[in-house]
Amino acid sequence: MSFSKPTTRREFLTNGLTFVGLGLAMPTVLMRAAQAQTFDPLAVHLPPIPGGKILVVIEMSGGNDGLNTVIPYTDLGYAKARPVIGLPQSDVVKLSSSIGLHPSMGAFKGLFEKGQLAVMTGVGYPNPNRSHFQSMDVWQTGSTEVDVRERTGWLARYFDKDGHFQGNPLSGITLGSSLPLTLFSDDVPASVIGSGTDFGFKSDAGDKKQQMEALRALYAQGTVAGSNAEFVRNVGSEAYSSSLELKKAFNDYDVKAGSTAKYPANSGLASGLQTIAKLITGGVGTRVYYVGLGGFDTHANQPRQHANLLGDLSNSIAAFYNDLALQGRANDVVTMTFSEFGRRVKENGSAGTDHGAASVMFLAGGGIKGGIYGDYPSLTDLDDGDLRMHTDYRSVYATLLDKWLATPSQPVLGGSFPHLNFV
Amino acid sequence: MTLNPTDTRKLGHLLRRAGFGARPAEWTEYAKLGVAATTERLLHPETAPDHMDDVLKDIQGDYVDFDDMGSVKKWWTYRMSHTPRPLEEKMVLFWHGHFATANYKVDNPRWMWQQNQTFRSHALGNFHTLLQAVSRDPAMLIWLDGADNKKGRPNENYGRELLELFTMGVNSGYTETDVKECARAFTGWRYDREANTFAFHANEHDDGPKTFLGQTGPFNGDDILDILVRQPQTAQFLCTKLFKYFVHDTPSPAEIAPLTKVYFSSGYETRAVVGAILSSSAFYSAAAFHSKIKSPVEFTVTALRTLDAPFSATNNTLIGATRAMGQDLFNPPNVKGWPGGKTWMNTMTLVNRVNFAGSIAYEMGRRGTLSGHLRRGIAAYGTAPGGLNTPEQLVDALWGMLLPGHSPTPQTRDALLGYARDQGNPGSVNFDAKAGGLVSLILSTPEYQLA
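Here the protein sequences line up with chains A and B, keeping their order. Plus 2 on top of the position in the first sequence (first one is 1) and you've got this note's numbering. Plus 13 on top of the position in the second sequence (first one is 1) and you've got this note's numbering.
Calculated from the structure, these hints are not laboratory results. The beta carbon of each residue, even a glycine, is placed where N, CA and C say it ideally should be. Fair warning: there could be bad hints in the mix.
[Stated by the list, open to error] Partner residues aside, some chain A positions facing chain B, computed with beta carbon under 8 Å:
1. Ser180
2. Ile195
3. Leu220
4. Arg235
Pulled out of the complex, with its shape left as it was, chain B reads as follows (with noise of 0.2 Å):
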């Protein structure tokens, strides 16, 4: 079925964004159900089957070592390329780069790994019941030194970091002495090691009187989270950087004002603010269409599911190649997260991202697999209404497939065809020689780093 290009401009873009882009039989089935339909079941991953743990305990061969940082990587990676539910992982990269714990300090693959299933478990839920979740979480206990906080000497870590950036965020109203009570109400949350849970030890709580946010009380963990998620300054912040993930990187406050009412209507609900961002009008602006830079985990695996790649295409080299772009899932550089924009961008890891494009390219075209999966594409696309027999059509085609509502500059489809035309005889292409180089090639142009 082939939508009109308002439409198919409309869902490439929401696809994009709202999760990884789309295998041609899911492009298929989303055109059918069509844009507004699409975004509901989008906000809805449980309406979407999961037997993905089935699939996963059997990755090309090797069972998953929940104990092994690599192999944990694998199993997310996979996830995202093949996931029913793609909103669902979206989210979980938004709350790992929100909640920013890295395995270089932390060391433990499996709570690393638990903390990516606590991410997902609230990817679209409740944002209070996340940040409990979040401040009892193992890895992030360790990740902020929530094991050192103790009465009598509290460290201050995660009393910091929760307001400046998982809460309020930075420079937003709260002082010095906030920062230190807020650290004494947490005294005493540790984790058990064998049990890898969260263990609460009394006799390290500092349960004395606390004056936060000019409240007083004697405040436990629980209670500060309760005040910071009913701050207006923590609505303005965390809508802000959904608006940022999902639309564009300068939001005006008229943009954000409402999202901010969600908030706050819907008890904290993630779902009910992602649905308002992507029903928004915003969202749908000329401001938004191909605006933001891709994250090197977008690129990638937007990529593999375009193509409809299966994961072993990449030769296990995903995880390296989006390390190599600036992304190294599980270790970002800081608890600041990746500051993503711009400085995804530069010369070494634009060479990355084009050496990549190509390494899929040749693999699949090694492997005898890419033509058919390319006419498959362009048909659930609709790329190619006159036939492939033309550099024209075929770059129209491959084009259309890849960046669905979006035109080539001339500049662009010159080089193209360029390639694709056979010095002797330029009216005519040969898919099977071509195709391949135009996909690698496509996938190398400046626009298609763009979402």
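Same shape as in the complex, but just chain A (with noise of 0.2 Å):
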């Protein structure tokens, strides 16, 4: 799937807004619910988060273009493959003699130069697959076998096999409408917020105390026939007890260390990460933070398209440590990027790439171990047009959970995987 180049900025945003909490105005007929008292005949008594450290994971939807993204700009083979839309050498953010960014993310070199953000290079898959969805699936999952029946996530399966995560809801947090297969099984104390803002029950009616008190009795955990109805009842008893808590947290919000931290205007990343760091500030103790930002798979005139991408992934991530920063807990929170797949070394003839195999990842944070990991690989020993990968997306995976959310990493990925240095 491509995208013609959009001609407004409203059409980019709206493609850029896929997945992000799209914050949609309730109709203005419904008023909110009654704000939260000092009892709330409503609240479900939520068990504790553990505490840890917490883990942003930005997904970049379509296929991230890799090699447009860091640059290895001294190799010949790099011009040669892109004539149109290779970037020009005095363009590009340098990182180090041969590496460097797209000209649009000179929001990273702040980062790197802290030694807070860490540039992997190479890293796939074998027998990489060229499809988005099933690409996405091997991704999401953490495992190459793809069961199209029951399939979890991988971080799904964290919060599973960590043993210590006892039914919060809030343990991960979604933003957007619906809940990545990353954080997807049947049992997962996972949440979709939303925006976060908007998220709640809410009634108009004039006996809507009543109304609330049988809403209750009608989730409240029992039996019922049925496993679909069941799952309907969890969910529904979980979203009473999380709307008490965000609202907490978005009360709590230091608005000054916001605005000086710069986030971007008009940007549904932006705003979604903003969201977040009002989540961990407010210590709502969520571990897992999913976010996303769509519109990567570039078939066709790919450089203005994938500038504004990357442009806006390295300014709001930017500005969101900055947030982090003011508040004492950058050093807390490390955010993940990756993307299905990455791109195809030589342009096609519509200034674009096609799908590709192994390609980049970003770590940031302040616990992060910066700097550029692995050997770009080779522009001319190519796997059918393809980079070779050096690094398994699952070895960022395991030294993620055993290194940074500090539990095994095997019985989450059903295997073992070389840890990297990034943490």
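Build the complex from these two chains, which are given one at a time in their own frames, with help from the hints.
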């Protein structure tokens, strides 16, 4: 799938907002339910989330062109393969004498110089798959064997296998309107909160207290025939309890830090990351956050689309860490970006690129050991036109599980993968 | 006319699955026909009138602007809410999810509407003909880069998704080479922007020999479709998807096998396959009843129809509401469509369903039309034989209308009774004071989320 060049900023924003909190206004006829008072008869006590480091995952959907993101700018093969869409050496944001970033990613230079940005090259998996859905499944399930019937996400399994997470649905939070496969399992303690600020049951009725009480009774834990009905019931109980927690965190946010951080305006990703910052600093205790940025499937007219997306990505992440640093939390949060595959080395005839294989990942945060990881894959010794991987993506996951989230990676990934040194 | 409980259950199930529930007047009509004759009627939408377009020229005082996506969305949801051809619209929704095309890339509401009309023309028609029409559809050509697919510079997008998602299904035996050869066959398939139609550019077409699924020839796109429609994998993939759409999410091979036979023996007629599904024992099995989580469109439109609510009762919020529930019509998240099932249900989407239910009941109450609609509905469904004087009678009457043939759990019934009872006088109930709130609550129950 690809995008023709967006002709207006609004189109671009609409494309970029595929995943991130839609923040849709509910009809004005609906009023919010009574704000949480000192005693709220509807609140269900949520068990505490175990403390520890926080992981923020940014999914770049569509297949990010790693070769134009992290650029081996002195390699003669680069300009040769990309006469139209290649970035000129003079424009590249240089990180070393041979590797640089796309010109629109200047915001990452500061993080890199502070040693808080790890740039992973050549990341992929054996026998790469070039189908969006199959490859995204591979990344999200943390497995190269895809089971169509019962699929669970690697971070959902993290919650399950860790053994300390006991049914607090805010253990994992997704911004947007649907739970990604990464966080999906039947029983995962994770919530989907839209943009966050509009989350909660509402009623405009005259007897809304009685209605709310009846709703709570309908959704209170209990047995009900049929697995799908039970599933819905569980979702409802969680919704109640969660909304109260979120409201409190938003009320407690340090607005001054937020404006100093300089989040880009009109960016769904920036709004999402700022919401995450509010929840982190508000002490909700969530350990995994998930947010998406779409539009990377650049089969045609790649230059402007890709530049806009990478600018959004780097500006938003940089602002997020400014915000966290001001509130003393930057060392507690690692942000990881990933995409379902990279793209072919040789550009196509439409000023774009087709689906590829190995690509790049970014890991950012105060706890990161910054730098460029791995030699850039050869641009001539290719795997059927694509970059060869040298780092299995599950090594990145294993490193995060074992060394950042402090839980054994082997049961989650179904195997052992060598650690990397970024944390 | 009151059906016996078995037929009530079956008819309710049929109307929910093969449509979007029934308005009370329709229920009366279908109850007279009985389950079998109703099934036939649904399978032959051409026997029901369709003057929707005359009506739709003026929705709530606004003319439909086919160049505005919001207006086209309104056009379609209005159709679904009022159509006398529910199975046809249910199939349009199926094809929209199957050949999932999104305006966030196409950026042409009129073409998205045209595509929707193509799905409607072939809703229960011939699958082969539908494939030919979709391959020429301008919205599809933009969506999957048909226009960029040229001789010497093939763009594999359509070739890949045609095999992976529209016909044979992923991992069903085709190779990367087949994908490439398929792409070559469709080179030169373009659209004419002014005429809003398909245009074949012979000079951009690669007419060289190709080998596709073991066959060799100078294949053009139509030749590829001829080959694809004959493949057993295509039959398996399509029939399985249709079964999951109408029956439940876990079919056994034994349940799909007879459907693939019908697919071939009928010459790829969708009506024949759907007819076989709707009259199968699987369709009315215990595993099928109330087992599927309703999609957002099913949830909202079924609520409207059952309450006999006019489209205007949504105050133009229906589109935003289904989007907030995870289903933005004309904008599926990607070419795979909406995965459905449990993926519809998370804390955010459930909250939005509950809030939508409240807003409809509130709006109808505000207009003063709710009580009248509900009394008529209860009469049509015959769910208050003993009157509407006690909380129990009111709860059972409304529940029976909204979930015909499906009993509430004791916990659910108790919660509803708790709301309906007047503290001072527990043996009686004030219809006008409580009916609206009960409707809102019933629509919010876990049970109502299932079809």
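Hint-by-hint comparison with the structure:
The interface hint given for Ser180/A holds, since its Cβ lies 5 Å from the closest Cβ of chain B, which is under the 8 Å cut-off. With 8 Å as the threshold, the beta carbon of Ile195/A comes within range of chain B, its nearest partner Cβ sitting at about 6 Å, so the hint holds. Given hint, Leu220/A at the interface with chain B, holds; its Cβ is 5 Å from that chain's nearest Cβ, closer than 8 Å. At about 5 Å, the closest approach between the beta carbon of Arg235/A and any beta carbon in chain B falls short of 8 Å, and the interface hint on this residue holds.
In the structure shown, no violation is registered for any of the earlier numbered hints.
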